[in-house]
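Start from the sequences, fold in the hints, and give me the full structure.
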Amino acid sequence: MEHLSYIDEHAIRIDAPRGQVWESLRRYVDAVLRSAERNPLGAVLGTRPRAGFAVDRIDPEQRLSLTGRHRFSRYKLVFELDDDCGGTTRLRAQTYADFPGVRGRIYRALVIGTRGHVLATNHVLRSVKRRAVDVGSR
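My numbering applies: residue 1 is where the sequence shown begins, and numbers increase by one.
FYI, nobody ran anything at the bench for these hints, they're computed from the structure. All residues carry an ideal CB built from backbone N, CA and C; glycine is no exception. One or more of the hints may lead you astray.
Said to hold, decoys possible - Using C-beta positions, here's what the derived DEER-type ranges look like:
(1) 134 - 85: 14 to 24 Å
(2) 49 - 3: 34 to 44 Å
(3) 46 - 90: 29 to 39 Å
(4) 59 - 85: 18 to 28 Å
What follows is the structure, encoded as structure tokens:
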């Protein structure tokens, strides 16, 4: 995918080793991509791929990159894992996107300007954390 503008970064500390967080991230992404293929919003927005995202790059236990596009935007979501203190892991989500044209600017205002994107990204991070911690407590 072409160069995209940096939007933001969000991070969370997870009380689990990197390998465990990686497996939780992979399972979460796989489940979301499978279920999103059936989401009618994808047809309305004209998402490519249909799920809205496709895995673009995988560096096991380090980086997972997703890319996608639709009528109003081209975007990339990059997850990076870093060892943190005391055997914990820091999971970061970096967003890059472009919003071409008038409709793109309107869409950006709706998604970025309302903080909807922040809420969605933090939900993803918390979901991965919950899965990783739950696996570790079994």
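Query raised in the report: Do the Cβ positions of residue 46 and residue 90 conform to the proposed distance bound of 29 to 39 Å?
Result: holds (35 Å)
Query - residue 49 versus residue 3 beta-carbon gap, inside 34 to 44 Å or not - result: For residue 3 against residue 49, whose Cβ atoms are near 20 Å apart, the range 34 to 44 Å is violated.
**Report entry** Range hint compliance [Cβ, residue 59 to residue 85, 18 to 28 Å]
**Finding:** 23 Å Cβ-Cβ, so the 18 to 28 Å window holds.
**Report entry** Distance restraint evaluation - residue 134, residue 85, Cβ atoms, bounds 14 to 24 Å
**Finding:** Holds: the Cβ-Cβ distance is about 22 Å, inside 14 to 24 Å.
Hint 2 alone, counting from the list given before, is not met by this structure.
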